[in-house]
Structures are given as C-alpha cells and as structure tokens.
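First to last, the protein sequences are chains G and A.
Residues in the first sequence are numbered from 1 upward in steps of one, following the numbering used here.
Residues in the second sequence are numbered from 1 upward in steps of one, following the numbering used here.
Don't read these hints as lab results, they were simulated from the structure.
Just so you know, these numbers come straight off a predicted model, no measurement behind them.
Any given hint could be a false lead.
Distance windows between CB atoms, simulated [said to hold, decoys possible]:
(1) G:R54 x A:A41: 48 to 54 angstroms
(2) G:G692 x A:D85: 51 to 57 angstroms
(3) A:V323 x G:K212: 58 to 64 angstroms
(4) G:P763 x A:G324: 54 to 60 angstroms
(5) A:K199 x G:A70: 23 to 29 angstroms
(6) G:G785 x A:W216: 53 to 59 angstroms
(7) A:K199 x G:G692: 55 to 61 angstroms
(8) A:G324 x G:D86: 22 to 28 angstroms
(9) A:A322 x G:P763: 50 to 56 angstroms
(10) A:K199 x G:A38: 20 to 26 angstroms
(11) G:D86 x A:A54: 51 to 57 angstroms
(12) G:A70 x A:W216: 22 to 28 angstroms
(13) G:N872 x A:K199: 48 to 54 angstroms
Virtual Cβ for every residue (Gly too), placed ideally from N, Cα, C.
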Amino acid sequence: MTTIYIDNRPYDARPGTNLLHACLELGFDIPYFCWHPAMHSVGACRLCAVKRFRDAKDGRGRIVMSCTTAVEENMRISIDDPEVKDFRAGIIELLMLNHPHDCPVCDEGGECHLQDMTLMTGHVARKYRFAKRTFRNQDLGPFLNHEMNRCIHCYRCVRFYRDYAGGRDFEALASHRRVYFGRRNDGALENAFSGNLVEICPTGTFTDKTFKRHFTRTWDLQTAPSLCIHCGLGCNTMPGERYGVLRRIRNRYNGEVNGYFLCDRGRFGYEFVNHPLRIRRIVMKDGTARGRGEAGSVDAGPASAEGKAREVLSFALRPGARVMGIGSPRASLEANYALRALVGKDRFSSGMSGPEARLVAEAISILCTGPARPASLHDVALSDAVLILGEDVTNTAPRMALALRQAVRNKPMEAVRKRGIPDWNDTIARVAMQQERGPLFIAAPTGTALDELAERTCRTAPEELARLGFAVAHVLDASSPPVPDMGEEGLALARAVAAALRDAEHPLVISGVSLGSGPLLHAAANVAWALSAAGADATLSLVMPECNSLGLGLMGAEGLDKAFAAAAAEGVDTLIVLENDLYRRAEEDALKEFLQGVENVIVIDSLEGRTAGHADILLPAASWAESTGTLVNSEGRAQRFYKVFVPAGEVRESTRWLRDMLSLAGRAEGRQWETVDDISDALAGELAVFAGLPKAFLPANFREAGQKIPRQGHRASGRTAVEAERTIHEPQPPGDPDSPLAFSLEGYGGMPPPSLLTRYWFPGWNSVQALTKFQEEIGGPLRGGNPGVRLIASDRAGSARPAYFRDLPSAFGSDADEWLFVARPHIFGSEELSAFAPAVAELSPGPYVALNPDDAGGRGLAEGDEADVTLNGKTHCLPVRVDSSLPRGIAGLPVGLPSLTGVSLPARGRVLKAASEIETTQ
Amino acid sequence: MASLNNTDREKLLLELPLTGGMRQDKKPLDLEEYRLCGGYAALRKALGAMTPRAVLEEVKRAHLRGRGGAGFPAGLKWESMAPIDDPRRPRYFIVNADEMEPGTFKDRLLMEGNPHQLLEGMILGAYAVQADRGYVFLRWAYTDAARRLERAIAEAYDAGYLGSNILKSGYSLDVSIHVSAGRYMCGEQSALLNALEGKRAVPRPRILHAGELGLWGKPTIVNNVETLCNVPHIVRNGAEWFLKLGHCDDGGTKIYGVSGRVKRPGAWELPLGTTVREILEDRAGGMSDGFGFRGLIPGGASTQFVLEEHLDVKMDFSSLQAVGSRLGTGTIIVLDDRTCPVGFLLNLERFFARESCGWCTPCREGLAWTERILNALEEGAGVPGDMETLRSLTHLIGTGPGRTFCLLAPGAMMPLESGLKYFAQDFEKHVSTKQCPWGRE
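With the hints as constraints, model all of the structure from the sequences given.
In structure tokens:
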C-alpha cells in the first residue's frame, strides 16, 4: 500500500491506481462523469478535480484531474480545498447550462448520476439566461430511447460502444457544443451490447425503451438478486417489478461472472414474463375445469378448480401408476430435483434431446476430469491467447464475446505497461496499443462477429475443426494423438495456434455443444490438457446451451430419446413435463407418438408452447422472476436467483406444484420440504457432486441484525395506497419462506451480504454508480466475496499425463448432392423465452438457409430465392441467404427460431430450387 | 530577385534568410531558382558530412524556438524523439501547416513563395531524428500552397532529394501532403495526430510526448512550417550566424505581420526581437488616417492585449511575457478607436467557441456561454453581472494549465481576460446604455 495525504490526513491507497479510483475506494466522494471503472480515465469532463500540493509546505497547490493523476507515495492532495470545490461547482454549472428541466418526466430521475453529482457539488442556481440547445432524437431500435437534449457529453457512450464493445454504427458526430452521440442515420443499433448504454449513460440520454412501455418510478420497483436465464453463462441480474408486471432488468455486478455488463438478450429478453401466452390458470382438458377465459367457461373460483385438479392429479399419481418425469435445462435445480424425486431417478429424463444430453454429459466429464480449469467470464477476460473451436459465442454466449474483446488487449497491454503506461490511462494506452491485438484463433463453420479481432480464422466442417484441435494438441504434447493426412496448410495453422497458446500466460480454449459434435469437445479438451501438461495455467470453457444445462447434466439424467424408448418398452400412464416445450427438442413425429401413448399428460410451464396443447392438466408455473432456485452455469458455478415478486392468482412456483404432487402421491417430502432450501439440501445430500450447493446461498432463516433484507427501497411509495381501491386497510406484505428477503420496504437498512443485494444505493449515490461502495476493490470482488460457488473443480494436481481423447474423426468428405447442414444460432431469436419478448422478436431473423455463393449459384439460387431444403426426410421451403463466409458443401440453418424447431443438426441434406420458384420463372 | 547579382543575393539571404530569395511576383521559386539561392546545399552538407546528431546539435545551439506559437526549442523537441535503437518503425516527421490562427498567414507566405525551403528543412529535420516517413498536414483552404508543394515534392523526388537513398547517403524519406478537413483544433499537435489517423481531431493528453508515442503509436516529431524553414539556413551558415540575427536571446528572424486599420498591412521578415513600435510604425506605416490606436494582440487571437505604453517592447518570447502577453505566432491584430472592443472580442470568441472540439467541458460549454454573453452585450441585451460572469469564466477556464484538457480554451480566454481589464468602461457602457456605443454593422 502507498500512503497518500488527503486534506492532511494519511491514508493507505492501492498503488498503480489513479487518484479518483483510490479516493472512491477509500470512501471519499469525488464527483465524476467520464471515468468508468471498466473503461477507465480519459479526462474529458474535468469534474473530478482535486488540489495537488508539492509537499507539506506548499500552501497553494494546483488543480489536477484526479482520474488522470497516478497515486504516488506521500503525495498530498485536497478534496475540500475551497478553490477546487468552486472549480467543480463551476464545471457542473457548465454541464447544466443546456440540460433540460425535465427531471420530473425523465426516466432516469431518481437514479440519475447527473442529479447526484449536481447535488454533490452544491450547484443550485442557473445563471445562464440564453436559449438551450436542442437536438433531434433518433430512433435507435427497440431497445434504447434517445433524448439527446439531456446529454452532458461525457463520451462514455461512444467509448463503451466503439472502444469496449467494438460497435461501429454509433459515434460522436459534429463538434463544439453541437457534438452529437448517435448513428449517421436512424435505425436499430447493431451491437449486441447496446443496452449497457442505459447504465453507462450518467443522464437520461439513453434509457431503456422496453421499460418506458410500462414505466414506473425506479424507486417504486421491487427488486431482488436474480440471474439471467437466456444462455448458459449465468450473468447476475437485478429485475424490477411493480403491480405484478416485470418492468426491466439491470446488471448485478459479479466480479467473477458478468462484471458491469450484460448482453441485449439478457437485458431485454425479460418481457416474455408479461406475454399474453403466459399460463395464468389451471387448464384441464375435459373442459369442466377452468379454461383460459374462453366463452362458456365457468368461473367457479380457485377452490373448486384446485379441487378438481387435485382429484385428477391424485388419480394420475395413484400407487402403481407408471409415472415418468421430463425435466428441463431452463428450470432450476430444485424444480428438476423435485420432479426427479417424485418419479424416481430411473424415470426422470433431462428433457434435453438425446444428442444434446450426451454432449452436455461429455462436457461435464471433461471439465471434472481436468487438468484444465473451467473458465469463468473473468478468466476469459484475463486470458492472453484464445482458441475458439466451433462456437459462435456472440450468438450462443454473448457476454463471453464482450469478455473476449477485452482479452485480445491483454498481450499488447504487456508491451504498453513496459513503456510505463498504466492500464487506467485509457487514452494513452490506446494510442500506444493502436490496432495491436493478442492472439485469437477462431475455427468455425461460418464467419462470426469476432472474426475481425482474430489473428487467423479457419472455416470448415465440424470434423475438420476437431481435427485441427487434435493437431494443435499434438504439436503441444506429442503424447496426444497425431492427425494423419493433415494438409501442410492445416499443420501450419496448428503450429501457429500451438505456438501462440504455448507463449501465453493464461491460454484459453473455448468450445461448446452448439455444433452437436462430440469430437470437437474432445479436441478442445486435448488442447487445454496439453497446455496444462506443459505447465500453463490453461482454462477451458465449454459453452452450454441453456441456463441450467450443466446443473441438469450434473444430475446425470438421460435425454429424450431414452425416455421415448423406455415409454415404448414399458408404457407410461402419467407424464409430467416440467417447464419444457418438447417440440423444440425432439423430432415432431416421434414426439407425437410418444405423447399419444401416455394416458395423463401433466404440463407445468409458464408459457403456452405446443407441448401445453397436449396437457390433460396444465399447471401455471411461476416464471423465474416469480421463483427462487439455483442454476449452474457453464463454468459449474451454482448461483441462487430470488423471487422478485409473488406470482398472482393460480400461478405457483414449479417446486410448489411438485411438492403438492409429492404429497398427493403420499410421499414424506411433500411435508418435509418446506422451503426451496430443503430441496437444495436434499439434492446435496443425495448426489455428491452437489455437496457444495448449500454454500451457494444463505439459508432462508438468515437474518441481518435480526431482520430480513427488504426488496423495496426505503423510498418506495404508495404502500398504504396501492390497494386502496379494494381495501382501505394496509395489506399484509406477502411472506417469503424461501429466502432472507422481504416483500417490503422494511427490514435491514445497512449493507447486506453480497448475494442478497437487492439494489445499489448509498447516501448521495442513487444511480448504479453507487456500486463502487459495495466493492472491496473497484472492479474487484464485492464486499464479502462474489456470489456463487463452483461445484466442479478439476483436479489440477492430479495425474501427470492427461488421458487424451483418441477418437479422431475422419476428414470431412463433401458430397456433390448432399450438403452438411450446421446450426447457425442467433442472439435474438434462437433462445426460447427471450424470443417471446417483443423487442427481441423485432430483431429476430426469419427462417432461412445460408449457402456458399458457389453452392447457391450451382443450384441456380440467388439471395432471397425460395429453396426446398430436405433434411431427415422432411422438406422445408426457406429463403436463401448467400453467405461467402460458408465453405462449400456446408449450409447453415438458424436453429431455435420458432418456425424452425425440431430439426436435429448437424445433418446431411439436399437443397433444390423451390418448386414454386421454378413455376414462376417458367 | 532576378535583378540581383549573386553577391547581393548572398548578402540579402544572410540578413533575410527566409524571404530574401523569394520572387517579387509572388510566384514560387522552382527547384532551379531555389538552388541558385543555395537551396539543398545544406542537405548536401548534412547528408555528406554531418551525422544526424550533428544536425540536431547545430539546431540546438542556434536556439531555434518553435514558430507555431508555443516557442518550444526545436532542438530539444528533436531530442525527445525515441532513440534510434527503439525498434518501432516507421518513425514519422510531420510539418504542421494547418495555419488557422486568426490574423496569421506567415506559413502560407513561406509555402507559397518557397516550397522547397520547407521541404529541405523537413528533410533535414527528418534526417536529424532519423524519420522514415513525412507528412505535410496542410490547411484545407491553402489550395495554392498545396499545388506548389506538390510540384516541389515531385521535383525533389526527381532530383533525388526525397525517396530512397537520398543523394546516395543511405538515408531514405518519403513525404506526402495530407489536406486537413478544416478545423482549428487540427493545428494542435496531438489533435493533428488523431486527425491524421482518421480519428476525431480531439487532443491527446499533454503528458503524452509525440517523440515517444506519436502517430499510430510510433515516435513522431511535429514542427511548424516557419520553424523548419529556418533549418536549412542554420545548417548552411551555422548556429553562430543564426544567433546573431536576433535582437534578443533567441536566434534568427521572424515573420511578423500586421492586420487591422494600419496604412500598410502585411508581413515582413525581421530580426527576432524587433520592437512592436518598429513593426507597427516603420513597417505597417502607423494607423490609417482617422483611426486612433487602442491596443493590439501581438501573436494571433490567443494572446493578451498590448496597450500604447508597451509599444516599445521587443516582439520576442520573453519580452512580451514580461508585459503580460505572448509572442504567439507574431502576427499582430490592431484594435482601433472606431472598432468596438466588445465586438472585436465577440468575433474572436465566436471563432473559438465554434472551433472547440467539444471534448472537455470548460471549453465546449464555457466558450459557448462566453460567446452568448458577448453577443448579448453587443445587441444591447447585456445585464449587470455579465462582466462578473465573464470574469468568473475567464478564471474558471483560463487560469493556469490543467483545468482544461488542452490549451485552446485558456488561449481563447487570454484576449478576453485582458480586454475585460483594459476596456472595462466600454463593457459597462454596453450594459448601462443598452446598446453598442459604436453601433452594430
């Protein structure tokens, strides 16, 4: 530590930081705008001024910007010096000259950094008497609202969008007082991380457009710590609700996972919770029970509906009934485990497709075997040489792409640091680094958004990608299997990749299950293991498709194909489908045959998918925002998400439905499992791999100073008026047996444990910038540690030689008639739940088939033509997208789009000009 | 020039090295004519017999101070270039020809009249710091200069003064012109580098030295046109000769200019340290008939006013500082008694407010506010307190370095701060009479 004197008192500051960083970390309030803990210092706003003195005798001092001044041993500064206070107030006065007086109608009001900073400096009266400047606002697409008049020109937005996230279609335009932050033309922002501008912008210039549609004052939002459920990374979020409507998502800092930022799918995918297709009542097929509001249905009241449901469920779960359960990789560990407990582990299916279940199991086995560590997102951002095998992370694990954009700066940053330039001096570091990038190699079947950063790319079939991986591993460790018949070009690439990875301090290998290739996972494992064997601190990231794929995989259940086979062999009387639309995962005919053979189909879900149509009893499940549970992310980190609000009416958490079913089936767990924690504990007790699970959360009976942690801020308004049209009595806040959180503004007012942070607020700091007060180090872990616990730990000190995979695939043979179809995931559209959010749906592509230009030309197909695509005996008529990044003989299909489900890839198939096209051309 | 014999020409060139060789008809010297004036002799001398270090030392001994406005010694600047064993290549040498300071046209005169002189200075400077690549960053409006420089560059390539293995010395340099998109900010050295990289012309932090981290992160030197034009003469005639040229501690001549209501506005090459009075009265012929003198700003728009009592001050770097002003570019703008000082300042501040790059708050917002207050005063809409606001703005923005990101705004505040002091009564009159006493044009 370094001693610095602030207003003549000594303090310990972290060396290597700048003064602003150090002073904030010490708990001082210095106002600032352009500095951001993840984007560092540029010195544009001139607000964070302090006085610096030469020595103890210097009484005059000079004004310096704290953000661009390095911490030095024994330096003397003043924050409270009258001259520098005047200066800061003067800067705020200048920033406020043109700022509109629209705080009362501004979405940012109440959590506005500009409001906070203005108050902090004490500027109160406007002397400026001239007309304020006005700008034209742009339509920036479905995510962001643009109100340029509120802009104070801190340049954070462009610095994030362009420098940090690699966007190109947004910039600082014009000059002097007319500097304009926007696009050259109106239009949806193209970068997948644009939503972060909502939190990065210190004013209401960029606000959440989805929130605006159902706006409520931010201090009235009820919030709880939660997780993103739209991919396998497990980013931490803070959803907000009021009046039973989920209103927005904000980032929740976790130094090991998402840090300060989310992707746009994660931020704007939440609106599925408010979708008209939400199942809100119990639906029974025989029509006697309550319908979905259709004509003729009798509103008999919940009691009788539940009674009827209870009757049918009791019959369906009668002793001796052959009951099968299908879980879901998008349901919590606890819900899946409760179902597994109900039906027995042998009759519990993971609900993943067969191939996917096997790949997930394989990935888990690789991560558990080691010796390479599973990479957290933080590890990804720290890596200095990266090989990506087959995964288009921008579309399958978007936040990882943002981490990789930072990772490629690590290697060149070493050289920059040697010039004496600290990381925090962003302008100088960027001048010094210019376009230098560290080694990133991307091998994938098609072009990806990160290709622009890659040292080399290689586009080929999954088999060839795997062979490349095996070859790299063999270069690194001759005891891993060699690849015969590898061309000179391939070998040269393998050597280049191996050399770069070997040179790195923190090499990283990324692969995943999206291409459906086992050998690819093996190849990635071999590379990472060969690096570890050579003594490197290698990490391995295997991208999981869904938010709890890995957690479910750890339970060891088989996929749907095994369930179908078991049903055919032994018969099923009752099928319980948990939060799963099977049509997305199984081939349609096989699925229909399976469902027809079942006497009672019970579906527990929140959205009415196609599977719900088969339900004899459809039970309305709470969405993730209305439930508490645990998910395990791609790195094996178990994290708890908490109920943000109480589900209305008949909607209940899946765990409650299942607990009731356990009771109806006469099982003791139905009584014993009072809280979600009880289910977690039971899971931890039964399966050794989950032994660490209880450490992932604080028990429901945890209290801080004897109190629960409030989900509402102390400024939440209307408690006595919210239900005034129904009752004049102040309602009792709903209870929450599952967590130490309360549905109230009352409770513990201090700083709660990090996993229970419901909001960022600190006296004087109402905006998200208050976060620094909750961190041990700025940009480091939260006070008390980052939430979550890693369940899988590879044995690094284990066997000297890793047991390399040897199942080398044979070379890819292209076929003139049949092409290989591979999955093309899309950040917007491919994930089931977020696709129901209108803003996300707006940016989702329609179905298409992507072809290499020569392949398309050979079939007489041009961009936009209709083509008949025949795969697994089924023909789909799809418009053609010509994509020069695709190699010949490989075609791409956008997986997961609502109109293209149940297609199992990779597969060989044919493409012909559509019959309809041929007719019209003739 | 054509009328001079060789001896006379030599004599003249020893007194007026920068302009002595120029043609009277304002046409540029071509390569042949430049050679007749001793052109490229310095380059032959340097490449033939001097090490790069020797060239640098000669310039350092000559006390050649930058003529772009800041007056930083050129030799010291060259010395700040990363050492030759630094592996980063190419090393850049850039001519700052983005002359946009109000009232300033000296670089234009030099480039239009004798483009080869600049090129030779540039090649010598580049040789001294062993640069591989040169750019002339030229103001967009200087189309004549652009054409003449382009022709000169072509001639220099043909003659072997540019390109690879210059004069068979083993030293190589490529030079091209970059025409600026046209912002005052681009004349600020670090913003110039950003502009050259295709980025927004915002300045870089002042602690960043281009010699260490310049264009595209490579070692870079940026010099003003006039500065470089001196270099061939220093190399040819030696530092001692150069030092003796000046009437002050620093060496050489200076192109001084005068604009405003004087009898003969123009620009003249004179010894550095010539007095303001001599320039104003002897060269510019004094005030035009019917106009009285009220004050002047000595070196472009971002310098403080100089009043009647200071007219005997020497126009050099240190003497002007002693009377609270700066040499700047050495081109005087005269304020007469029939021009409203408030309007004069409004004109300047409007320029600065418009040319602010918009990067840092005090400059972007403060200059715009300043301009609006001055405009209100001129329109008769001034209110009591406006002068106080202006004073507080000059204090907020203009006091000392470090408050703003670069020196544009402090520079913009210099004439205003001194104007508020010297012409306070005129300001007050605008407020009390609710109109401009001179009327508005």
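Tested hints:
For the pair R54 (chain G) and A41 (chain A), the beta carbons lie near 50 angstroms from each other, so the given range of 48 to 54 angstroms is met. Under the hint 51 to 57 angstroms, the C-beta atoms of G692 (chain G) and D85 (chain A), about 55 angstroms apart, fit the expected range. A hinted range of 58 to 64 angstroms for the beta carbons of V323 (chain A) and K212 (chain G) is consistent with their spacing of about 60 angstroms. Between P763 (chain G) and G324 (chain A) the Cβ separation comes to about 47 angstroms, which falls outside the hinted range of 54 to 60 angstroms.
Taking 23 to 29 angstroms as the suggested C-beta distance range, the pair K199 (chain A) and A70 (chain G) conforms, at roughly 25 angstroms. About 43 angstroms separates the C-beta atoms of G785 (chain G) and W216 (chain A), a value inconsistent with the hinted range of 53 to 59 angstroms. For the pair K199 (chain A) and G692 (chain G), the beta carbons lie near 50 angstroms from each other, so the given range of 55 to 61 angstroms is not met. One distance hint, 22 to 28 angstroms for the beta-carbon pair G324 (chain A) and D86 (chain G), holds here, with the actual separation near 24 angstroms.
Roughly 52 angstroms separates the CB atoms of A322 (chain A) and P763 (chain G), a value that falls within the hinted 50 to 56 angstroms. The hint said 20 to 26 angstroms for the Cβ distance between K199 (chain A) and A38 (chain G), and at roughly 22 angstroms that hint holds. Between D86 (chain G) and A54 (chain A), the C-beta spacing of about 52 angstroms keeps the proposed range 51 to 57 angstroms intact. Look at A70 (chain G) against W216 (chain A): about 25 angstroms separates their beta carbons, and that is inside 22 to 28 angstroms.
Between N872 (chain G) and K199 (chain A) the Cβ separation comes to about 52 angstroms, which falls inside the hinted range of 48 to 54 angstroms.
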